[in-house]
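Visitor: Sequence:
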Amino acid sequence: MLEQGNFLFNSPFLPCVFFWFFLFPVVASQIPLGSKLSVEENNLWVSPRGDFAIGFVNRSDQPYQYSVGIRFNSKSIPVPKQTVVWVAGADVTVGNKSYFQLSQNGELVLVDSLKGVTVWTSNTSELAVVSALLRDDGNLFLLNRKQEVVWQSFDNPSDTLLPGQNLPVHKTLRAASRNSVSSYYSLYMNASGQLQLKWESDVIYWSSYWSRVNPSSSNLGAVLTSGGVLQLVDHNQEPVWSVFGEDHNDSVNFRLLKLDIDGNLRMYSWVEATASWRSVWQAVENQCNVFATCGEHGICVFNASGSPECQCPFKTASSPSSKCFALNCESNYSMDTYEHTFLYGIYPPNESITITSLQQCKELCIQDPSCAAATFTNDGTAQCRVKTSPYFSGHQNPSLSSISFVKKCSDPIAVNPHAFRSSPAQSPVKRSHGLCISCVIGAASVTFVLFAIVQIGIGYFIYRRRYQILRKAALAYPGWNSKGLMMLPFTEIKDITGNFKHQIGPGMYRGELPNHQPVAVKDLENAIEERKFRAVVSKIGSIHHKNLVRLDGYCFELGHRYLVYEYVKNGSVDKYIEDDELSQRLTWKRRVDICITVARAICYLHTGCREFISHGNLKCSNVVLDKNYEPKVSEFGLGTAHLEASYGGEKDVEDFGKMVLILITGRPEVKDAWEWIYEELFQRRPEGVVDKRLDDGVDLKELERLLRIAFWCLQTNEHMRPSMGEVVKVLEGTLTVDPPPPPFSRRLSEEESLESGSKPPSPVEP
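Note that the sequence shown covers residues -29 to -1, 1 to 737 in mature numbering (1 follows the signal peptide of the UniProt record, and there is no 0).
If you're looking for bench data, these hints aren't it; they were derived computationally from the structure. Every residue, glycine too, gets a C-beta built ideally from N, C-alpha and C. Treat each hint with caution, since some may be false.
To be verified - Pairs of lysine-lysine residues, derived as BS3-like cross-links and limited to a Cα-Cα distance of at most 30 Å, are as follows:
{"no.": "1", "residue 1": "K517", "residue 2": "K503"}
{"no.": "2", "residue 1": "K86", "residue 2": "K117"}
{"no.": "3", "residue 1": "K598", "residue 2": "K493"}
{"no.": "4", "residue 1": "K560", "residue 2": "K598"}
Stated by the list, open to error - DEER-style ranges, computed between Cβ atoms:
{"no.": "5", "residue 1": "T352", "residue 2": "P49", "range": "44 to 54 Å"}
{"no.": "6", "residue 1": "S372", "residue 2": "Y304", "range": "25 to 35 Å"}
{"no.": "7", "residue 1": "S323", "residue 2": "C283", "range": "47 to 57 Å"}
{"no.": "8", "residue 1": "E689", "residue 2": "G277", "range": "47 to 57 Å"}
{"no.": "9", "residue 1": "S96", "residue 2": "H141", "range": "22 to 32 Å"}
{"no.": "10", "residue 1": "G87", "residue 2": "S323", "range": "17 to 27 Å"}
With the hints as extra help, turn the sequences into a complete structure.
Guide: Structural data, given as structure tokens:
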């Protein structure tokens, strides 16, 4: 692991050190077909000069979980400092019987032998590969008979760029996944040719800026030079933007650019004298300015030595182990004030802004039951930034003028510690009595015998109870896969669901694990090929997002396919739409929040994961509400498990449009009313389509924006539909949306439009 001169080096954000096992390195100019690396043999493929090697790596925090990657291998770098620069399949892990091979058909494959599953492949079987080559610049080549490069690891970066490696437009570096926050960080080059550090898909907290006039952004690339300069270069390899490491042009043997798990982009140089990696440049100078750098662990502050660290000033004494979020108070709460503190929401990363005074800002939060915290900028703008989600972070600095208010639960006093202390007036008068020695001995003997019997009984009871719990737990959790998912036999699925007694949806059952944790069990019913099922489980099991329902485990046996999800308390949105009484709980504000949150979740599936993932079946029954009525999207990614299914992002966009109309109108079968809804929108009477069960409080601007984007999502010409990223920006108000054409078959067909040479309209404008 790189040594970082910052506060996160010894923090929970630091990924565990990678330990490499090598006994028999293979040094060869080229790697022939059939060559294999295995965990058991601990062998390596090594570059000609020995500067780099590729092999299996074991994570010290996850025994018997391995990845395949390229690392430094120079003898001048001690083994613990031989940093990993590329990992096959990013966060893919396999068991201790696995192997990595250049197969006879020319593919690099990573195979988990215990499961008999190929978990990663280079997909090069059609490219006539005849050999591989690991170069001394750290690049792994696949070559054809003409010795032409048909695939290279430099084109598929993980979290690191090496000198000479190019990061083109729309390519991404993503920080390693070691906790709930770091996997959200990415370095991305946008269509305008700017490097951007992003959190999730829409929070940009650092950008590169260059002033050259109209370069061809599609031909730009980010390159780290051997001299320690990070550059944006055009198609002629001329720099249009540059930043320099502190030691640029010094004689340094090894350099790299890494997106660290704390969200900062750093340039490192290997220092021979100290035998360590030194950070010579970082994108965000003040680590506290990295969005969500402390994540769920509090806010970023500077300690007495001037170094930034994560602290939690909000935590109550009654919950010392809780995460640093505002609590959901059951009864009373107080409003604490924090000067020189700026807070911002993480899940979701937005907030409502009102122009008001300091005192009124505090009152706004006090009077709003959904307000968890508020920040008054106090810089002349008079902004009151209200956070309605309890998930927030921020930073604190004496130079900040902002003042924040945080709701804090008032701890009830269960017992008055003074209530049972007798006052002198209440104490009985001491009297002198004669002492009966035989009485004392007899009483002591009886007491001892009774005490011994009670202790033996308690001990036996605890032993039996613990034995039963351990036995039940051993049965309930027979194994865990490489993603940390429970692998359950069908008998245990029956046990935890009470033989499928409590059905909570189509093919969905409520269950309870032996530790009393509630779960939701999905019966997939359809016969799914084992390899395809395990691939889907591996993919969706590695996805973690606040607004996506977490997969906890699965069952795969002959004729049985089950998925075990976290249980979300308040059930699916469709039951609130269909029930007149429950529909009252879906206020206008909650319906708008559901639309925005679901859009963000689908956008994350499309653009925030290592590879594109389609939901494939987005609808109200697959959106569930937690105890705070925060929505979560469930059953995503299952479309790829069915052979006949081939879903793209366009279907998710269309399904989202349908869902928006259902939430607005309260009509479960909304398709029959499309023309009426569109006509009301066209005639500027949008309020006429709103669910009549809703009380006042409908924002007409929000309503029109929702209806416009919904009908753009429903366009029959898929090329006219917006991306989910554009949908999110429209709903957040950062993009305007034009009036949509009617998405019905009676309008001008796409074929006629194309024949006439007209260009499909764009739904959004910046």
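Visitor: For each hint, tell me whether it holds in the structure or not.
Guide: Hint check:
1. K517 x K503: holds, 26 Å
2. K86 x K117: Violated - the C-alpha atoms of K117 and K86 are around 37 Å apart, more than 30 Å.
3. K598 x K493: holds, 21 Å
4. K560 x K598: Status holds; Cα separation ~16 Å.
5. T352 x P49: 44 to 54 Å: With a Cβ separation near 52 Å, T352 and P49 satisfy 44 to 54 Å, so the hint holds.
6. S372 x Y304: 25 to 35 Å: The hinted range 25 to 35 Å holds for S372 and Y304, with Cβ atoms some 26 Å apart.
7. S323 x C283: 47 to 57 Å: Check failed, 24 Å falls outside 47 to 57 Å.
8. E689 x G277: 47 to 57 Å: For E689 and G277 the Cβ distance comes to about 55 Å; the hint holds.
9. S96 x H141: 22 to 32 Å: holds, 25 Å
10. G87 x S323: 17 to 27 Å: violated, 52 Å
This entry does not satisfy hints 2, 7, 10, going by the numbered hints stated previously.
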